[in-house]
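Here the protein sequences come in this chain order: A and B. Mapping the first sequence onto our numbering, position 190 (from 1) lands on 190, and the numbers just tick up by one. Mapping the second sequence onto our numbering, position 144 (from 1) lands on 1144, and the numbers just tick up by one.
For the record, the hints were derived by calculation from the structure and aren't laboratory data. As the structure is a prediction and not an experimental result, all values here were calculated from the model. C-beta atoms are modelled at their ideal positions from N, C-alpha and C, and glycine is treated no differently. Do not rely on the hints blindly, as some may be mistaken.
To be verified - Calculated from the model, a selection of chain A residues having no Cβ within reach of chain B, i.e. all distances over 10 Å:
id, residue
1, R47
2, E55
3, R71
4, D79
5, G180
6, A187
7, P199
8, L200
9, S210
10, K218
11, I219
Claimed, not checked - Restricting the straight-line Cα-Cα distance to at most 20 Å, the calculated cross-link-like pairs of lysine to aspartate or glutamate (DMTMM-like) are:
id, chain 1, residue 1, chain 2, residue 2
12, B, K1267, A, E85
13, A, K248, B, E1233
14, A, K243, B, E1233
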Amino acid sequence: MKILVCMKQVPQKDAPLKLNEAGTWIREDVSYEVNEPDAFALEEALRQKEKHSGEVVAITAGPTRASQVLREALAKGADRAIHLEDNGFVGLDAYNTARAIAAAIKDEKFDLIFTGLQSDDYGYAQTGVILAQILGLPHATIIMQIEKNDSGVRVKRELEAGFFQFVDMPLPAVLTIQSGINKLRYATLIGIKQAKTKPLRKVTMAEVQSAMGINLQKIEKMYIPEKSKNTQFIDGPPGEIAKKLVEKLKNELRVI
Amino acid sequence: MADTILVIVEQREGKLNRTSWETIAAGQALAADLGWSLEAAVAGANVSSIANEVAQKKVARVYDIEAAKLEPYTPDGFAHVLKAFLEQHPAKLVLMPHTYQVRDFVPKLATAMKTTAITDAVGYRYDGGKLLFTRQMFQGKFSADVSFAGLGPCFVTFQNGSFRGDKAEAGGAAAPVEKVSFDIPDGVVRNHPQEIFKEAKQAVDLTQAEIIVSVGRGIKEQKNIELAKQLAEALGGELAASRPICDNGWLPMDRQIGSSGQTVAPKLYLALGISGAIQHIVGMKGARNIIAINKDSEAPIFEISDYAVVGNLFDIVPPLIEEIKKAKA
Ligand SMILES: Cc1cc2nc3c(=O)[nH]c(=O)nc-3n(C[C@H](O)[C@H](O)[C@H](O)COP(=O)(O)OP(=O)(O)OC[C@H]3O[C@@H](n4cnc5c(N)ncnc54)[C@H](O)[C@@H]3O)c2cc1C
Ligand SMILES: Nc1ncnc2c1ncn2[C@@H]1O[C@H](COP(=O)(O)O)[C@@H](O)[C@H]1O
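Go ahead and model the full structure; you've got the sequences and the hints to work with.
Given below as structure tokens:
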């Protein structure tokens, strides 16, 4: 099976984020990491390849720094990588991101395309589904299990409140992967070494621009969310905080 | 003629999803602010009773969109039929609840119509003639006001709890219900969904718990779960967790709180090292009192907390357990 994995670089979970002057985006001087579900998507692709043989290709659209996620993917076992490299890829809506990715892979035939179910920065939850529509492929979202069979794949979709559903679908197909579908592997030293010799194709914005259009949605303003509650902050040294909390638990909440 | 706002309510297996009332309330508020007309629709196979239920609300009209192949739900079927419907009945804004079902087909539908969907909105602003939808970004650390460009329709999905379902106004008389039928050609629907099921029997029913101590990734390692367990025991409460803890197998799945886990409303919810992503918050924001301990002063969990402790949980929880034991002794 030939599998494409879409991987996005996003600010690290614990990174302290600040807004830029215009209040339209964050200040970019933070540490980055792989969008969490994308790491699970890569792991799943590698496992499918181990079972059924084939090829795993990782793709990202982002600035120069984003090549780090591709190097990690190659070190973990991806066969090659594609980098749509331009600062401009950061500011796209999901439709344009999907169109750029579709344009970059137009000469390839993948059996499966994986994306994460959602990005940690924009959180559109759309790129994979849009990509499927552009490519004319069936899709399924929030996937927790994938079994190949004679007619295609049987996938397990997560639904709300602890419910699940199996769906049979033909290949090729696009699947959006949920975190926790598998257990992630670490890159080995040999893997890291081998990654340096694996092919990494760069694609410029100019090469895919004709496939894209204006952004249909635009962030006018970003700001810290308004608090919905009148929060009491409790501070002091730990021992004192503990005493104050117990006082609240006893006299205000009446749970002790 | 006034522009139209269409609310598409959600039904699954012939039952109305109650969060649809929140979307109706959102549509009513928008219609009042914009002076546009509000219509509603339900799509499925034999869903006229749902259409009649929705017609009790203050809306100009309800469409009962019927196609045999819409049952069971598939993204191909829903995108096909709703596109055909919207081409016949143009709307400027199309609103839906941000459910797992909607997020499965709405990006496809919007793309098929060469337009966009603003997903997971929590509200809107209308000033200076510009309509902006507010959505959360960076896992709830920021809000963003988003504008829409293009010819439309603009699809917008609203996060659970953004509007009050009980505020959806009833109409004076039942709104007219119009039945519109479609035929889905062979080959359009490519997926074959099986029955919906629940994985394991719930061993614990956290919905009945009065006190819940919930751990997130801030707990760092499996062995530290013990600390949270001791706190829960000292308080006489149940232990629960955010999703990554259950994904790691550190606690069983039936202790997961959030959109894919349990929804709880205890007297006290004590969150240890949980950032407060929306998918977690929807499962616990109904708690009477929320105490959060988090080392990041800007963690979104504090936005909904009654009591906030900014600090290292490993410093604070041990003396807290001691103080509780003392107070109870
Ligand atoms: C479709 C979908 C469904 C989902 N369903 C659910 C669901 O049902 N339930 C759920 O919980 N999530 C769910 N998620 C995942 C959710 O988006 C978040 O990723 C998850 O809730 C984050 O868990 P967390 O807060 O434990 O971890 P993180 O976001 O990593 O937060 C850890 C927090 O711990 C703090 N911390 C670290 N060290 C310490 C310390 N020593 N002392 C104090 N604080 C510390 C950090 O400041 C941080 O705020 C879902 C996601 C999607 C896309
Ligand atoms: N710039 C990008 N480069 C590569 N993959 C992306 C990019 N943006 C989004 N994706 C993929 O699409 C998924 C969903 O993102 P989103 O639609 O933004 O929530 C992510 O988990 C990635 O797999």
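Comparing the hints with the structure gives:
1. Against the 10 Å criterion, R47/A stays outside the reach of chain B, whose nearest CB is about 16 Å from its own CB.
2. Against chain B, the non-interface label of E55/A holds: every CB pair exceeds 10 Å, the least being about 24 Å.
3. With a minimum CB-CB distance of about 24 Å to chain B, R71/A clears the 10 Å threshold, and the non-interface call stands.
4. Distance to chain B confirms D79/A as a non-interface residue, since its nearest Cβ pair spans about 27 Å, more than 10 Å.
5. Annotated as non-interface, G180/A brings its C-beta within 10 Å of a C-beta of chain B; the closest such distance is 3 Å.
6. Listed as outside the interface, A187/A is consistent with that label: its C-beta sits roughly 20 Å from the nearest C-beta of chain B, beyond the 10 Å cut-off.
7. The non-interface label for P199/A is consistent with chain B: the shortest C-beta to C-beta separation is roughly 31 Å, beyond 10 Å.
8. Non-interface call for L200/A relative to chain B: holds, since the shortest CB-CB distance, roughly 28 Å, exceeds 10 Å.
9. With a cut of 10 Å on Cβ distances, S210/A stays outside the contact zone with chain B, its closest approach being about 16 Å.
10. The claim that K218/A lies off the interface is violated: its Cβ sits roughly 5 Å from the closest Cβ of chain B, which falls inside the 10 Å cut-off.
11. Listed as outside the interface, I219/A is inconsistent with that label: its C-beta sits roughly 5 Å from the nearest C-beta of chain B, within the 10 Å cut-off.
12. Note on K1267/B and E85/A: the hinted pairing is violated, with a Cα-Cα distance of about 51 Å set against a maximum of 20 Å.
13. About 18 Å separates the Cα atoms of K248/A and E1233/B, which keeps this hinted pair within 20 Å; it holds.
14. With a C-alpha separation of about 18 Å, the suggested pair K243/A and E1233/B falls inside the 20 Å cut-off, and the hint holds.
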